[in-house]
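Number of protein chains: 6
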Amino acid sequence: MLNQSELSSLIKSDPIDHFLLVKKCELRLTKGGKEFISLELGDKSNSFAANLWEDVAGFKSIKNSLVVGDIVRITGSMDEYQGNPQIKIESIRLSKQSDNVTPKDFLPRSLRDLTVMKKEFISRLEKIANPDLKSLLQNIFSDERFEKYISVPAGKMWHHSYISGLLEHTLEIIKICDLMCDIHPEISRDLVVCGAMLHDFGKIEELSYDPVFEYTDKGKLLGHIVIAAMIVNDEINKTPDFPENLKNNLLHLILSHQGKLEYASPVVPKTLEAITLYQADELSAKVNAYKNVIANELKPGSNWTKFISLAGTDMYSGGLLKNPGNENNIDNKTLFD
Amino acid sequence: MLNQSELSSLIKSDPIDHFLLVKKCELRLTKGGKEFISLELGDKSNSFAANLWEDVAGFKSIKNSLVVGDIVRITGSMDEYQGNPQIKIESIRLSKQSDNVTPKDFLPRSLRDLTVMKKEFISRLEKIANPDLKSLLQNIFSDERFEKYISVPAGKMWHHSYISGLLEHTLEIIKICDLMCDIHPEISRDLVVCGAMLHDFGKIEELSYDPVFEYTDKGKLLGHIVIAAMIVNDEINKTPDFPENLKNNLLHLILSHQGKLEYASPVVPKTLEAITLYQADELSAKVNAYKNVIANELKPGSNWTKFISLAGTDMYSGGLLKNPGNENNIDNKTLFD
Amino acid sequence: MLNQSELSSLIKSDPIDHFLLVKKCELRLTKGGKEFISLELGDKSNSFAANLWEDVAGFKSIKNSLVVGDIVRITGSMDEYQGNPQIKIESIRLSKQSDNVTPKDFLPRSLRDLTVMKKEFISRLEKIANPDLKSLLQNIFSDERFEKYISVPAGKMWHHSYISGLLEHTLEIIKICDLMCDIHPEISRDLVVCGAMLHDFGKIEELSYDPVFEYTDKGKLLGHIVIAAMIVNDEINKTPDFPENLKNNLLHLILSHQGKLEYASPVVPKTLEAITLYQADELSAKVNAYKNVIANELKPGSNWTKFISLAGTDMYSGGLLKNPGNENNIDNKTLFD
Amino acid sequence: MLNQSELSSLIKSDPIDHFLLVKKCELRLTKGGKEFISLELGDKSNSFAANLWEDVAGFKSIKNSLVVGDIVRITGSMDEYQGNPQIKIESIRLSKQSDNVTPKDFLPRSLRDLTVMKKEFISRLEKIANPDLKSLLQNIFSDERFEKYISVPAGKMWHHSYISGLLEHTLEIIKICDLMCDIHPEISRDLVVCGAMLHDFGKIEELSYDPVFEYTDKGKLLGHIVIAAMIVNDEINKTPDFPENLKNNLLHLILSHQGKLEYASPVVPKTLEAITLYQADELSAKVNAYKNVIANELKPGSNWTKFISLAGTDMYSGGLLKNPGNENNIDNKTLFD
Amino acid sequence: MLNQSELSSLIKSDPIDHFLLVKKCELRLTKGGKEFISLELGDKSNSFAANLWEDVAGFKSIKNSLVVGDIVRITGSMDEYQGNPQIKIESIRLSKQSDNVTPKDFLPRSLRDLTVMKKEFISRLEKIANPDLKSLLQNIFSDERFEKYISVPAGKMWHHSYISGLLEHTLEIIKICDLMCDIHPEISRDLVVCGAMLHDFGKIEELSYDPVFEYTDKGKLLGHIVIAAMIVNDEINKTPDFPENLKNNLLHLILSHQGKLEYASPVVPKTLEAITLYQADELSAKVNAYKNVIANELKPGSNWTKFISLAGTDMYSGGLLKNPGNENNIDNKTLFD
Amino acid sequence: MLNQSELSSLIKSDPIDHFLLVKKCELRLTKGGKEFISLELGDKSNSFAANLWEDVAGFKSIKNSLVVGDIVRITGSMDEYQGNPQIKIESIRLSKQSDNVTPKDFLPRSLRDLTVMKKEFISRLEKIANPDLKSLLQNIFSDERFEKYISVPAGKMWHHSYISGLLEHTLEIIKICDLMCDIHPEISRDLVVCGAMLHDFGKIEELSYDPVFEYTDKGKLLGHIVIAAMIVNDEINKTPDFPENLKNNLLHLILSHQGKLEYASPVVPKTLEAITLYQADELSAKVNAYKNVIANELKPGSNWTKFISLAGTDMYSGGLLKNPGNENNIDNKTLFD
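Here the protein sequences come in this chain order: A, B, C, D, E and F. Letter by letter, the first sequence follows residues 7 to 343 of my numbering. Letter by letter, the second sequence follows residues 7 to 343 of my numbering. Letter by letter, the third sequence follows residues 7 to 343 of my numbering. Letter by letter, the fourth sequence follows residues 7 to 343 of my numbering. Letter by letter, the fifth sequence follows residues 7 to 343 of my numbering. Letter by letter, the sixth sequence follows residues 7 to 343 of my numbering.
No lab work stands behind these hints: they were computed from the structure. Hints are not guaranteed to be accurate.
Where chains are identical, the list cannot tell them apart; a pair therefore holds if satisfied intra-copy or between any two copies.
Distance condition first, Cα-Cα at most 16 Å in a straight line; then the derived EDC-like pairs of lysine to aspartate or glutamate [claimed, not checked]: (1) Lys253 / Glu211; (2) Lys297 / Asp188; (3) Lys253 / Asp223; (4) Lys312 / Glu220; (5) Lys162 / Glu220; (6) Lys124 / Asp149; (7) Lys224 / Glu250; (8) Lys40 / Asp85; (9) Lys40 / Glu86.
All figures in this text were calculated on a predicted structure; none of them were measured in a lab.
Based on the sequences and whatever the hints tell you, model everything.
Here's what the structure looks like:
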């Protein structure tokens with residue numbers, strides 16, 4: 007486990023003596039014709055640019071071998087270039103086995119406790135009453151798939167884009183769907199919760215996240231919606247007597263969960279459960295996205311972020327009301343109990 | 007109180023001896039040149055067409071005076087015309103004072119208990135901790151305005167389009183927003199709940215609902231969003247020392263709650279509370295709308311509704327999973343506590 | 007086999023003594039309160055409205071049993087109502103077994119010879135050189151599926167919307183794709199032809215066409231694109247050592263063939279083969295659609311059709327140049343050889 | 007008053023000895039690690055980039071204190087960098103009180119005479135015949151508000167984006183509306199002119215323009231349309247017996263004047279006056295915008311501007327016909343008389 | 007000249023003894039099987055439906071010959087059917103030569119005096135200073151073309167859709183453009199006025215208006231924009247030494263005057279004159295359209311029209327402020343002088 | 007004729023001793039204040055950036071005279087800057103007459119043999135049976151115009167954007183249209199082929215391509231569609247007795263060939279020939295565009311291109327199936343016979 011201050015906590019001139027993950031790495035020439043390496047270095051809290059000049063100790067030994075995904079040990083300090091933070095490198099070396107660091111230590115990660123989240127997920131799955139759906143979920147979430155499922159981010163950017171982000175996002179949606187089922191007994195609770203658990207499941211094959219978040223060829227050619235539908239279809243076909251109508255309804259939930267054709271759903275929501283899942287997904291995703299953008303993208307000295315094209319606006323951090331102590335001391339560690 | 011079976015429970019050939027509200031009323035000519043009155047008659051459960059032929063008892067005495075909003079007593083039977091239910095009238099008379107019926111008895115109405123909903127609303131308002139917001143809400147929800155607020159439908163069609171629909175809708179949104187505040191302590195709970203209470207408040211002047219739901223001139227020229235913003239602005243201006251920043255944030259919630267310019271919000275959500283309110287509103291509205299459409303618009307003998315243009319699709323009533331008895335016996339009477 | 011003139015060849019006042027398929031059937035009341043049945047009756051050439059009055063011979067014996075898909079024997083004549091052709095019924099009876107007629111005799115049907123089209127398809131399949139693709143196609147086009155495949159229309163309306171329409175449409179696309187492969191050797195011929203054969207294959211489960219064209223529940227909930235992808239995925243999973251990359255490319259062809267997200271493709275074309283297939287599909291579909299609309303929907307006495315909303319325009323039948331005899335005497339019976 | 011040549015009149019190599027306004031100001035590092043300040047300096051005619059190197063006289067004394075809005079005295083010359091004009095600084099100092107310069111001297115400003123424009127506005131207001139509207143306008147245009155109103159630009163960019171731009175723009179719209187009233191007596195002249203005067207009035211709170219044009223927090227959260235509506239609503243509420251219908255019509259003019267929901271109007275124009283105001287606004291704005299773009303953004307040596315994204319095109323300065331002397335010698339100083 | 011009251015002035019039960027133009031004419035059957043003719047009859051003020059029953063005097067003599075464009079003499083009275091005015095026919099006969107009536111007497115017609123409008127147009131043309139443009143206009147507006155030009159409506163529906171509507175519309179645009187030239191000397195006055203005169207000129211071949219307004223084949227296949235461009239191009243090609251740049255600028259005005267590609271302009275406005283013409287055209291068209299809709303389409307007993315799809319809204323006739331007598335007594339007979 | 011290796015075949019460090027065309031040329035300053043020239047240099051295979059530093063031999067003699075379209079002789083080597091190839095210049099001189107090189111030698115050019123393509127075009131023209139169309143084509147393709155026609159690219163970017171690209175593109179469309187005529191005898195073969203030949207013909211005046219591809223003023227103000235329509239209209243007007251209906255149909259083909267208003271066609275396709283031509287054009291253009299992008303824009307070491315905004319996606323070069331030798335050995339030199 008890493009024992010070093012987080013990048014996001016450093017300010018200009020702070021000294022750096024850190025292991026960092028190489029996220030971009032390009033050999034370039036200065037206008038004067040000298041070689042340097044343009045880097046992006048990060049830990050789980052943030053990433054910054056850094057130029058590795060050829061007169062820095064260690065330059066020669068790594069310049070031909072360094073690749074994205076490597077971990078390096080840097081000394082230097084926090085600096086600034088054109089208003090953006092930048093790392094000034096004074097020495098660099100590749101990490102060694104004895105350093106006992108892995109790329110996963112440097113990826114952003116859900117702030118919620120993974121063990122708690124796994125328990126919540128499994129416990130909620132146990133409460134599914136319909137035996138066909140419960141058995142199907144147990145088959146789909148085999149050990150190998152579950153391992154990926156609890157790690158994968160919900161996306162490369164925008165919302166829940168960190169390790170275990172998909173699990174965190176899914177638990178929020180389940181919580182919202184359960185509330186809607188409390189309000190509307192007409193919604194099939196088992197079905198909509200099962201749909202919530204599976205809706206973004208295809209991301210385990212659409213995205214790779216080791217050492218950096220990236221879309222796979224399969225992900226770009228098929229998309230996570232169809233990948234999930236095909237896996238679920240496969241597992242159902244292995245199950246004798248799974249009801250045809252239930253199968254179509256469940257697949258419909260997965261296929262329609264992005265709500266509109268232009269958002270890449272091949273069908274729009276046509277059932278009560280489908281509209282519930284789509285809107286719950288939107289609620290969880292948008293609130294998380296705004297929260298993260300406002301936390302990370304405020305312009306210096308301003309309550310406003312830059313223009314965020316995915317939202318079509320800049321965002322405002324009014325910072326106005328502190329939630330009074332007593333009312334809000336929610337035990338946020340578990341959503342279910 | 008009316009003691010008669012609901013229209014929606016009647017089937018073809020059932021006899022009718024009912025008080026009904028006149029919702030449309032046009033004097034016409036048959037091709038043969040005879041006068042008849044084309045009516046739409048309804049109770050709170052449904053409305054049907056009916057033709058009043060000139061040889062029906064009572065035709066002459068009412069033909070020149072009958073207007074929308076009158077209540078009539080009908081005898082006759084349920085019939086059908088071109089696949090749609092229709093009322094066959096055998097006699098008709100205007101209601102008298104001694105009948106003790108008012109148009110309100112015939113308007114669709116929230117299925118939730120109004121007293122309970124009022125209590126929930128007031129109780130949640132009491133929990134607002136910020137004194138500026140709490141005091142503002144108490145001023146806005148004066149007795150006269152509150153009386154309208156608890157009656158008005160959330161819309162003329164589509165979702166929560168029945169008496170007390172706005173109150174029911176608002177309570178759902180509050181419930182959803184409170185859940186999102188549990189998950190995200192960064193959201194200002196008082197602010198977003200206050201925004202939820204006020205977001206559609208302008209509908210008390212945008213809509214009239216007695217005797218039928220209709221938009222007012224003011225409503226069509228200004229829209230409920232700006233009406234609400236102006237009332238809230240007025241009340242804040244009367245309050246000494248209401249913080250300017252809090253005022254702008256609260257007005258922003260009202261103005262942006264429809265989420266997109268093309269949905270008639272003059273600004274898009276730019277704060278964490280605004281995106282939460284918008285998405286919570288969508289979730290409550292869409293699920294209610296789908297539920298009502300599926301309940302009321304299935305094609306005869308089909309699991310599909312007709313094409314619903316507001317949703318851009320037809321809808322499916324799979325009717326597949328019954329929610330098992332024990333799990334779902336939620337005390338739906340109160341959403342809070 | 008039916009031996010009667012086609013409906014489309016009849017003009018006003020022509021006598022009718024025909025077997026016809028019941029395509030719509032509703033029991034209604036006249037304003038005077040008498041029962042009649044509003045029908046749509048058709049053969050493979052066209053369909054017209056007809057009212058069955060209660061004084062017509064045969065009315066009573068069938069009024070409670072007649073359903074869509076029945077075949078009836080009608081005497082009467084061609085008439086007109088409000089400018090539209092209508093059938094005037096003088097007598098009616100249900101078809102009997104001894105009449106030896108089936109609904110299929112009354113469905114519109116491709117004008118090309120089915121035997122020839124089957125041969126063309128099989129012969130083209132035989133020419134696929136890649137063994138994985140060829141073997142996959144042979145597995146997918148099992149006898150049972152092939153039987154459906156050669157019958158299903160390409161759609162309910164718009165283009166190739168007749169029995170064997172999908173096969174006719176597919177052969178055109180193959181022909182176009184082969185031409186594009188002649189021009190561009192960079193296109194993988196086997197892959198694009200295989201994609202063409204499978205692209206709309208899911209319609210065998212999306213549509214039912216016996217006795218009338220209709221979408222199935224599965225078709226409306228999943229769509230033919232995903233249905234096809236799931237079947238192909240299943241068959242590939244049964245095949246040992248089918249190359250992963252080839253699988254993803256083939257599935258991409260199916261998924262992207264409608265070209266745009268808003269046309270219900272969950273991914274847009276990203277390969278040379280995918281863009282070729284999408285544009286070939288468009289070319290075949292649009293030309294067929296325009297041809298049929300211009301042939302069938304001209305306003306009486308005009309060279310213009312009514313406004314066609316799927317095309318966003320009315321269409322013009324200039325009828326200007328006759329293709330000179332010699333140049334055009336193409337043996338249209340076979341597209342391949 | 008400044009007595010120096012305008013920036014826009016200078017060409018490459020011209021010497022500079024000017025007071026200029028600091029519009030941007032960032033301390034940066036060269037690749038070699040030396041500090042410099044990246045500036046944007048402007049007068050009312052134009053603004054250019056300038057780099058202040060650390061060896062320039064005055065660098066040290068100002069590097070830690072210089073902020074946007076300061077006025078500096080520069081010596082140096084006009085230069086060019088990558089095809090764009092740039093100021094080469096040889097010496098710099100902060101302005102002193104004795105220099106007798108203020109930021110307002112450096113802001114772009116309407117070319118029309120402010121005194122004349124004020125007279126035109128007041129004179130036109132005096133001609134309003136309806137006493138309710140006239141009195142309302144007099145109350146709204148209190149001295150303090152009028153002072154802002156005659157200074158504020160109509161926007162940050164695009165059209166009339168200079169000091170007194172809103173007043174100039176408003177007078178044009180009034181002129182156009184009066185012409186439309188001459189043509190169509192059905193238009194309520196008092197109402198539409200009152201709407202024209204108030205339509206963009208909210209910009210006095212939406213925009214700040216001292217020392218640079220910027221949107222305020224309130225402006226971004228509420229928008230000038232709702233700000234204006236709330237002020238007008240306030241003033242009307244203070245007026246006894248202001249007709250309700252007139253109020254709604256006037257507010258409708260303000261709310262709908264951007265013409266479409268997607269242009270941020272919460273209602274579309276629904277009255278004859280509203281459509282007149284919207285189209286007059288468009289005409290005034292677009293012509294001014296094109297004129298300014300063509301005057302300022304031609305590519306060097308070309309009759310074409312670069313691509314202008316707000317217009318969706320590049321623009322052409324054909325420069326073809328000179329308006330002949332006599333016909334066009336309009337006394338442009340006053341639009342009214 | 008007709009000497010009879012206008013249809014629009016008649017109310018229910020008023021007797022009718024009028025010549026009227028046949029605008030639609032269809033022979034139909036009643037449900038009982040009797041023939042009748044469904045008519046639309048109109049004069050220049052309005053048009054109404056009428057059913058001609060077979061027992062009306064004159065039915066037999068005209069039933070096989072009556073066509074659109076005929077003039078008939080009707081006796082009867084104003085009636086109503088389903089809330090819409092309808093003409094009840096008691097007798098009918100075809101007009102005779104001795105009646106001295108022509109279809110033109112029955113077409114809606116500009117309310118402005120045609121002689122005055124012609125003078126205004128010619129007088130404005132005379133003021134064009136540029137000899138190339140002036141000479142071009144004189145060649146284009148040859149006697150034959152000018153005759154059509156002063157008659158043609160500006161459209162089939164929506165705005166200025168009456169005889170001489172194009173001329174009235176063009177004069178308004180010229181007036182607006184001249185105002186904009188007064189404000190902005192940078193606009194080439196001759197060019198923009200020339201563009202205004204020619205912009206919709208192609209409508210003389212796009213529309214036929216005798217006896218009813220209809221699009222021609224050429225109009226539907228080419229559109230009035232390209233028709234005008236081709237005529238102007240032809241005339242310029244006949245003129246020696248017409249400047250190439252002036253030609254392109256003038257053609258650009260015609261081609262871009264609908265402002266956006268999706269409004270069928272093949273290029274968007276790229277010059278100052280083009281944006282002026284487009285926005286002036288919009289202003290003239292929209293105000294005229296709203297005025298006519300509000301005058302003609304109010305729902306009975308309401309200040310609101312039905313929903314107008316071309317405007318995307320219903321419209322409100324607030325009818326609030328009467329323009330005070332003195333201020334508005336504009337001599338509307340001439341726009342110029 | 008040039009005898010030097012193609013730029014696209016060179017890799018990093020390869021020596022360069024080439025004639026190259028100057029495609030961009032800007033005199034700039036380094037941060038240190040030294041002059042250099044930023045160049046883009048290309049041959050027909052590709053173009054790269056190059057910086058000409060002031061210490062390079064030849065700098066002084068050319069720095070004030072070098073312009074776009076010049077040919078220079080360079081020595082140096084292939085280098086790289088920020089991941090992009092760049093030319094490192096060691097010496098430079100202007101080409102001399104004795105070098106015998108012209109800019110045309112350096113423009114990208116169709117890979118098909120121009121003589122063959124010309125023959126194909128002329129031979130296909132000869133087969134037009136309709137004498138009016140054939141004669142028209144012969145008049146339009148006069149020697150001077152034909153010379154331009156066979157050289158002009160089909161566009162500045164995207165598809166067939168090389169010398170003779172329009173001819174290559176047109177031949178593909180003809181081939182596709184002929185296939186569609188084989189399938190559908192209802193299509194008028196002569197008309198659609200004539201439309202194919204003329205549809206983009208206006209590009210000979212819309213584009214200049216010597217020495218670089220650029221839009222002309224006329225092209226930007228009128229567009230190639232209207233330019234073509236005007237030329238064709240002119241030629242038809244010179245032809246006695248050309249049928250009016252045929253003229254309108256042919257012009258319609260040209261005007262509608264971009265298929266949608268928003269793609270700058272002033273009318274949408276309304277005839278069978280027009281829809282055929284539009285879709286054939288799309289097929290030819292899109293497949294060519296994808297092919298070129300995939301060939302030229304793959305990211306280094308990846309099977310994916312960068313994001314291509316005209317396609318709205320990145321593209322994949324699966325490179326999976328090699329077309330087997332025998333099947334595909336199409337003699338691609340001629341498309342016809």
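| Honestly, which of those hints from before does the structure not fit? | Hint check: nothing fails, all pass.
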